[in-house]
Amino acid sequence: MVRRLLIAIPTLVVIALAIYLMLATAPSNPLGALANDDRISAETRIRIMQTYGLDKPPVERFYSWLTAVMRLDFGDSFMSHSPVMGLILLALPNTLAVVGVAYIVGIVLAIPIGILSATKRYSVYDMFATAFAYTGFTLPTFLTGTLFLMIFTFGLHWLPYAYDSNLQVRDLASLGQQIKQSVMPIMVLGLFDTAILTRYVRAEMLEHLPLDYVRTARSKGLREQGVILGHVLRNSLIPVVTLIALGIPTVFGGAIITETIFRVPGIGQLLINSISTGDIPVAAALLFIFSVLVVAFNLVADLLYAVLDPRIKYA
Amino acid sequence: MDVSSVSPRKILAIGAMLALTVSACATTSTPSPSPSAVATATAAGTAAPLFTRNASAVLNVLYWQAPTILNPHQATGTKDADPSRLVLEPLASYDPSGKPVANTLAKEIPTVENGGVSKDLTTVTYTLKSGLKWSDGSPFSVDDVVFTFKYQSDPKSAVTTSDDVDGVKSVEAVGTDKIKVTYDKPNANYYQWGVYSGFVLQKAQFGSCIGEAAAKCPANLKPIGTGPYVIKDFKPNDNIQFDRNENFRDANKPYFKSINWKGGGEAPTAARAAFQTGEVDYAWNLQVDAPLLKSLSTASDAKANLVTVYGNSVERILINFSNPDPALGDKRAEPDTKHPYLTDIAVRRALAMATDRATVGKELYGDGLAGKSTCNIINGPEQYNSTATASLDVCKFDLAAANAELDKAGYVKGADGVRAKGSVRLEMTYQTTNSSVRQSTQTIMKKNWEAIGFKVTLKAFPAGTFFTNTSPDGANHFWADVEMYTNSGAPDPILSLRPTWTTKNIAQKSNNWQGNNYARYSDPTYDKLIDDLGNITDPAKYVDAVKAANDYLVKNVVIIPLVNRTFATSGVSKNLKGVKPSPWDQETYNIQDWYK
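The listed protein sequences correspond, in order, to chains A and B.
Numbering follows the numbering used here, with no gaps: position 201 of the first sequence is 201.
Numbering follows the numbering used here, with no gaps: position 49 of the second sequence is 364.
Keep in mind that the hints are not guaranteed to be accurate.
[What the hints assert, rightly or not] Once the Cα atoms are required to be at most 25 Å apart in a straight line, the calculated PhoX-like pairs of lysine-lysine come out as:
id : chain 1 : residue 1 : chain 2 : residue 2
1  : B       : K465      : B       : K500
2  : B       : K471      : A       : K56
3  : B       : K434      : B       : K537
4  : A       : K56       : B       : K677
5  : B       : K609      : B       : K550
6  : B       : K550      : B       : K537
7  : B       : K870      : B       : K677
8  : A       : K180      : B       : K550
9  : B       : K895      : B       : K609
10 : B       : K762      : B       : K687
11 : B       : K653      : B       : K870
12 : A       : K180      : B       : K618
[Unchecked claim] Among the chain B residues that face chain A by a calculated CB cut under 10 Å, a handful are:
id : residue
13 : T383
14 : K531
15 : D548
16 : A588
17 : Q591
Please keep in mind that the hints were generated in silico from the structure rather than gathered at the bench.
These figures come from a predicted structure and were not determined experimentally.
Idealized CB from N, CA, C, for every residue including glycine.
Sequences and hints are given; from them, build the entire structure.
So, in C-alpha cells, the structure goes:
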C-alpha cells in the first residue's frame, strides 16, 4: 500500500508537467481577447505579458508554479486578478448541486433498474430498461440538453433559461426554485450516469445468478428476495462500487457541455473559459486538482476492493 | 492650423469570433475644427423627467460571455468593460451621432469655441459637475481624476487602457472643479483622454493599488464609483448583482432598484432567452445565424426587439502595393518594392468589379442583421456617408466588365484559365482570420475572382496571430497579396483616413510594422488631400473633403469595402425604454437613462 502511495507522487509530478507544458504551449493566450481590441498597442501587450510572467521560458514558469502548488498556492487568475482557489470555491457548489446530484440520482436509479433487469431477464421490463440504457448513453448531452432547453424553456416556458447561483434554499418555495433551475441538467447528466451504471449492475448480477453459492442459498430455503439482495447483490456490487468511486472525480471536474447549455456557473464552465482565454493559472489548477482526485480515488477504489472482498489483499 | 499626426493608435480589429470584436473600439474624437462638440444632453431640471426612481424594478441583463473583472483599466474585453461602466465613469461619453455628450462627470463638453480646448489643440480643460459624490457618500474630487491618470500612466500598473494616456503629457487639477489635460503636441484627437476613456477610480480605494500592486488589488472586483449603480455582489465568471447608487448625482435616476447581470452560455440560447422567454431585458451581442435571428426577432410573440446600430466597422479587402514575394528576403513587402500586378489600376478595378458584396451582405451578414454591404470606407457618422460611390463602375458587380478590363490591359488567359501578362501571372494569396463568416466570404470572392482569370490561394490565421505586428502571418506584415478584416473607425473620419493610407504611416520593418498603412500605399495626391483636410475649419467643407477622400480611395481601388458591420446587435425587451447604443462608446454608456 505504501508503495502504491509512493508511486502516486512521481505520477502526479509527470501529470503536472504535462498539463503545464500543454497549457503553456497552447495557441490561446491571455491576451487573445485583447488582440481584437484596437485600444491596446503591442507595447501594452508586452508589458502585460511581463506582469503575468509570460516572458519567461515555460520550464522556469513550471518550476515556480509547482513549488507554489506544493504550498497549496495556485496563484492568481490572469483574467480576474484574484486567487484561483477563490474562483474554484465559487464554482464548486454549483457543480456539486448539479453534477453531484445527477451522479447520486444515477446511482439510486441504476441499482434497482439493474437488479430488476437481471432478475427478469428478457422480460418486457428488461427490454425497456435495456432500450433506456442504450438511449441514455448513445444520446450525447449536447443533444439532450439542447432538446430539453428548447422544449421546457423556450417552448413551454416551464423552466428558467439560466441557473441562478445566488439562490439559497431556505424554504419550500426556494427549494422548488432550486429544483426548477437544476432539474434539466440533472436529468441530462443523470440519464447518462444511470444508463451506464444500469448496464454494469445488470451484467454483474447476471454473472452471479447462476453460481453455486446462489443455488446453495436457495436450497437453504432463503426467500428469493433474501437471495438476491443478501447474496447476489452484495457480491455483484463489488466492481460497481469501485466503478462509482472511480467516477467521483468526474463529478468534481464538472460537465463542460451541460453547464454551458444550462448556464450553470460551475467547474466545467470555469475550465472551458480559462482554457479559451488562456487563463493558465486557473486551467492548470483545475486540471491538476482533477488529476490528484483521479489518482486518489483510484487508491480509494483499490482499498474498497479489499474491504468488500476479503480475498483481495495488498502487500 | 497645423495638426500633427495622431498617436499611432491602432484602428484595426476583429477576431476569430465576429462577436468579440465590436465595442471598445472607438476612443476618439469629432473633427477638430468643426463646432459639433456641443453638449447635447443633460438639460438638468428644465424638462419634466421621463421617470423617477422606482422602488422595486429589476433589470435583467444577459451577456453570454461572463464578466471576470470590473476595473476597466484591467479589463480584457467588452464583457468586463461594459458592466464596469455602470460604476466607473469617464468625464464624458460619445452619443450615437459621434458627438461627445456630458452625461457623466463633466459639466459641459470643452470646445475651442467655449475656450475649453486651446486653439493649438494641446490642452483641454473639463469643468466637473458640482456636488458629485462617490457611491460610498464621500465627496468626489479633482484629486481622484489626477490619481486615475497617474494610475493609468504608471507602466507597472500594466493597464489595458494605456493607449489612452499615450501622448498625454499631464492631467492636472485647476482649482477644485477643473481638470486640465495637456498633450505632448497638438492633438486632433483632443478628447483622447477624458471622453470614453480615463474611467475615474477612487483614490481612497485604489491609492495602494498603483504600480505592481494594481494586478492583485481586491478593489478590481468591487470598485467604488460615481455611476448609477453600485456592485452589491460579484461572482467572477458568473454574475453581478447591482444596486442603485443612492448617492447618484441625479435624484430621479436611475430607474431600476437593482440589476441582475448574468454572464455565460452561448449566443444562440441567449437570443432565444431574449426573444422567447421574456426573462431577459437586455441581451448583448446576438450575432447568431442570420436566418435564426430573423425568425426569432420577427416572430409575432417575440418578447424583445432586435436593436442594431451602425458605426464605421467596415469589413474590407486590403490590396498590397508592395511585393510580398518571399524571394526578396529582407526586402519582402518593404515600401520600396512594387507589387507585380496590383499596382496596375486595371487589375485592381477588375478585382473590385468582380466583388459580389451584395451576396456577402445578404447571405453572410443577414442583410442588416449583422451588417449591410457598402462601397464606402467611411460610413459614419451619418453626414460623412458618400452617395457618389454608388454609381461608380468599381462598386457594381459585373464579371463581364471585369473580364473586359483585364483583356484591355493585356492580361491573357492561359490554358489553365489563369491570366498572365508576360511573365506576370495573376496568382494571389488572400489572407484573413479564422472565422466561419470570413471563410465563407473568402469562398465567394475566390469563385468570382477565379471566374475572371485569377488563381486564388486562401489562408486563414487565428485572430491572435493575425493582429500581432510582429507576426509574419499578421495583417501588419501583409506577406500576402490581399487581406481582409474589419477596421472600426473613430467618430472623426480623419483618424481613419490619415493613418491607414498616408505615406508617413507605412508599416515596415524599420518601424517594427507599427504603422497603420499596411497596404504600403503611397500617393502624393492622397497625402495632400489629407493634409488639406486637417486644415479645413468650415464644417460643411470638412464633410465634403472627407467624402472626396473616401471617393478617391474607392474609385482608385486602394481598398475594397465590403460590409458595414453592426456595432451592437442586442435583444431589448419590448418594455425597456431609453436604450440608445452609441457606436462610438459602450452599449451601457447611458444605462442611467434606461427605464420601463
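Evaluation of the provided hints:
Taking the CA atoms of K465 of chain B and K500 of chain B, the gap is near 19 Å; set against the 25 Å cutoff, the hint holds. Restraint check: the Cα-Cα separation between K471 of chain B and K56 of chain A comes to about 17 Å, which is no more than 25 Å; the hinted pair holds. The straight-line distance between the Cα atoms of K434 of chain B and K537 of chain B is roughly 40 Å, outside the 25 Å bound, and the hint therefore fails. Taking the CA atoms of K56 of chain A and K677 of chain B, the gap is about 47 Å. The hint is violated against a cut of 25 Å.
Between K609 of chain B and K550 of chain B, the direct Cα distance comes to roughly 33 Å. Violation of the 25 Å bound is thereby established for this hinted pair. Pair hint K550 of chain B plus K537 of chain B holds up; C-alpha atoms about 10 Å apart against a cutoff of 25 Å. Between the alpha carbons of K870 of chain B and K677 of chain B the distance comes to roughly 24 Å, so the proposed pair stays at or under 25 Å and holds. Of the pairs offered as hints, the one joining K180 of chain A and K550 of chain B holds, with about 22 Å between alpha carbons and a cut-off of 25 Å not exceeded.
Pair hint K895 of chain B plus K609 of chain B holds up; C-alpha atoms about 21 Å apart against a cutoff of 25 Å. Proximity of K762 of chain B to K687 of chain B is assessed by CA-CA distance (about 21 Å); at most 25 Å being required, the pair is judged to hold. With a C-alpha separation of about 20 Å, the suggested pairing of K653 of chain B with K870 of chain B holds against the 25 Å cut-off. Of the supplied pair hints, the one linking K180 of chain A and K618 of chain B holds, its CA atoms being roughly 22 Å apart against a limit of 25 Å.
Here the hint on T383 of chain B is kept, as its CB sits about 4 Å from the closest CB of chain A, short of 10 Å. Look at K531 of chain B: its Cβ gets to within about 6 Å of chain A, closer than 10 Å, so that hint holds up. Interface hint at D548 of chain B: satisfied, since its Cβ lies 7 Å from the closest Cβ of chain A, which is below the 10 Å cut-off. Taken as an interface hint, A588 of chain B checks out: its beta carbon lies about 4 Å from the nearest beta carbon of chain A, inside 10 Å.
At its closest, the beta carbon of Q591 of chain B sits 5 Å from a beta carbon of chain A; the interface hint therefore holds under the 10 Å criterion.
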